[in-house]
Amino acid sequence: MKGNLLIIHPRDNVGVALILIGAGEQVSGEGLGGFSALEEIPASHKIALGDIAQGEEIIKYGETVAVAIRPIKKGEWVHTHNLESKRWKR
Amino acid sequence: MELKLTGYQRADGRFGVRNQVLVLPTVSCVNGVVNRIGREVPEVIFAPHPHGCGRGGRRDMEILFRILSGMILHPNVGGVVLIGLGCEVSNTRRLLPLIEKSGKPIEVFNVQEDGGSLATTRKGVEAARRLLTAISNQPREAMPWDRLLVGLECGGSDAMSGVTANVAMGAVSDLLVEKGATVMFGENTEMIGTAHVLARRAKNAEVAKKIEDMIDRAERTAREVMGDLAGLIISPGNMDGGMSTIAEKSMGCIFKGGTGTIHQVVDYGEVPTEHGLILQDGPGYDGDSMAGLAASGAQVLFFSTGRGTPVGFPAVPVIKVASNSRVYKAMPDDMDVNAGSLVEGRSLSDLRSEMVELMVRVVNGEKTLAEANGMDVFTFMTVNPPF
Chain W
2 MKGNLLIIHP RDNVGVALIL IGAGEQVSGE GLGGFSALEE IPASHKIALG
52 DIAQGEEIIK YGETVAVAIR PIKKGEWVHT HNLESKRWKR
Chain X
42 MELKLTGYQR ADGRFGVRNQ VLVLPTVSCV NGVVNRIGRE VPEVIFAPHP
92 HGCGRGGRRD MEILFRILSG MILHPNVGGV VLIGLGCEVS NTRRLLPLIE
142 KSGKPIEVFN VQEDGGSLAT TRKGVEAARR LLTAISNQPR EAMPWDRLLV
192 GLECGGSDAM SGVTANVAMG AVSDLLVEKG ATVMFGENTE MIGTAHVLAR
242 RAKNAEVAKK IEDMIDRAER TAREVMGDLA GLIISPGNMD GGMSTIAEKS
292 MGCIFKGGTG TIHQVVDYGE VPTEHGLILQ DGPGYDGDSM AGLAASGAQV
342 LFFSTGRGTP VGFPAVPVIK VASNSRVYKA MPDDMDVNAG SLVEGRSLSD
392 LRSEMVELMV RVVNGEKTLA EANGMDVFTF MTVNPPF
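Protein chains in written order, with my numbering: chain W, 2 to 91; chain X, 42 to 428.
None of these hints come from the bench; they were simulated from the model. Here a beta-carbon is modelled for each residue, glycine too, at the ideal position from N, C-alpha and C. Hints are supplied without guarantee of correctness; some may be wrong.
For the chain X half of the interface with chain W, some residues (derived, Cβ under 10 angstroms), not all of them [as the list claims (entries may be wrong)]: (1) G197; (2) G203; (3) D215; (4) L216; (5) I275; (6) S276; (7) G283; (8) S285; (9) T286; (10) E289; (11) F296; (12) L383; (13) G386; (14) L389; (15) T420.
Each computed SDA-like pair below joins lysine to any residue, with the alpha-carbon atoms no more than 20 angstroms apart [what the hints assert, rightly or not]: (16) W/K87 x X/A263; (17) W/K87 x X/R261; (18) W/K87 x X/R264; (19) W/K87 x X/E154; (20) W/K87 x X/P277; (21) W/K87 x W/I20; (22) W/K87 x X/A240; (23) W/K75 x W/F36; (24) W/K87 x X/R241; (25) W/K87 x X/H237; (26) X/K244 x X/E311; (27) W/K87 x X/M280; (28) X/K370 x W/F36; (29) W/K87 x X/T230; (30) W/K87 x X/A271; (31) W/K87 x X/K244; (32) X/K164 x X/N132; (33) W/K87 x X/S276; (34) X/K370 x W/A44; (35) W/K87 x X/V238; (36) X/K164 x X/E154.
The task is simple: from the sequences and hints, build the whole structure.
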């Protein structure tokens, strides 16, 4: 099956777009129930696999890579506008 | 496919996956002699390098002797023609005690004592031909998986490196470790932000402390060297590619080692004494990093790249893993595996099988593209400026 999303680790709460996913487009991939992207997700960028609360950790590779700075809805683009580093503040 | 390894057993118990005659200079001053020998005897591996003298300091000395002796002792090397100058820091008198127990034929010449460059070339050519004959009848034997040491490297990375190629290499690493092999990677700069992750996976508290110290030092060095630019370790280009934090970028890098227990941290070019997953306290720059992994005894390397680099390493086959189909198609002379196929619907387990089977064939003698095309480069890390 040809999917447009990769989930790197079972613990992850974000998936990685393998190609550009348009707003409203269904996402699909190994081990994934289908849902829609709420906005455009550029290739190699992250999408929320479920609702993520403000202050909750962003898990990719099975590890914490950042913290949400506002609530993020399932299907939203996850990037520097809604998360921050736990160590090197910008 | 049956995954059986073969190799050349060496006196120290290690196995080579190649049986090469290596022509090695002690110092850059005699690279010309080494290049001439290599041109006249194309069956040898000749490895000119830019170092050997002109630097002081204990750390540079330690690295210099460890890397040169590590190349001579490397299990893929069956015999060595060592070309010295005479007055250099890494002269053959100081090197010989480090390699006397190699159990392999080593012929030594010094340009200042052997009649100058052309006379030394003639002697080196004759020696190289003698050694090629001398080692040519050594047979390949069955090689146990626990004698295999695989090095991992990523260079010329792109946004997909941490999504496709390094994820695939991580899956390969876990499988190799499960089969009893040792897997090692370095690039301490690209571990910044992941100390807690790697330390948690350490075999014991002592290894955990070494991991934390190594990454602390890498971060301090990055800040000292780069100053206000240290933030550029995660660059605007990285962010355009979807990486948001240094931890995310580094996770994409260290994921190539898989998810296993970390059994040891070795210094740059140091031979590990443990099995399983090993970290090396070495730099990220491709050639320098590969030299450390090779001197540590890695017989084969996996190397992921997204922008595409042709670089290989002398006497050590390098398997290039493209992170995207574009670079795989753009550089057909250089890319052995296309991890970009994951984007086209291929399963990770299918790609992993291809990579492991290719590695087994390479161990058993099949040439990688970098090896077949002679793309090998030999250089290594130094810490101080030249005098």
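Minimum beta-carbon distance criterion (10 angstroms), X/G197 to chain W
For X/G197, the interface hint is violated, since the closest Cβ of chain W sits about 16 angstroms away, which is over 10 angstroms.
Would the hint linking W/K87 and X/T230 be met if the CA-CA limit is 20 angstroms?
holds, 18 angstroms
With a cut-off of 10 angstroms, does the beta carbon of X/G283 approach a beta carbon of chain W closely enough for the hint to hold?
holds, 4 angstroms
Quickly compare the C-alpha distance for X/K244 and X/E311 to 20 angstroms and report which way the hint goes.
Holds, at roughly 19 angstroms.
Given the hint that W/K87 pairs with X/A263, test it: the Cα-Cα distance must not exceed 20 angstroms.
holds, 19 angstroms
Holds or violated: W/K87 to X/M280, with C-alpha atoms at most 20 angstroms apart
holds, 16 angstroms
W/K87 and X/R264: Cα distance at most 20 angstroms?
holds, 18 angstroms
Would the pair X/K164 and X/N132 pass a check requiring their Cα atoms to be no farther apart than 20 angstroms?
holds, 18 angstroms
Does the nearest C-beta of chain W fall within a distance shorter than 10 angstroms of the C-beta of X/F296?
holds, 5 angstroms
Answer holds if the nearest beta-carbon of chain W is closer than 10 angstroms to that of X/S276; otherwise answer violated.
violated, 12 angstroms
Using Cβ atoms only, decide whether X/D215 comes closer than 10 angstroms to chain W, and label the hint accordingly.
At 12 angstroms from the nearest chain W Cβ, X/D215 fails the 10 angstroms test, so the hint is violated.
With a cut-off of 20 angstroms on the C-alpha distance, tell me whether X/K370 and W/A44 pass.
holds, 19 angstroms
Of the numbered hints given earlier, the model fails hints 1, 3, 4, 6, 15, 19, 21, 28 and 31; all others are met.
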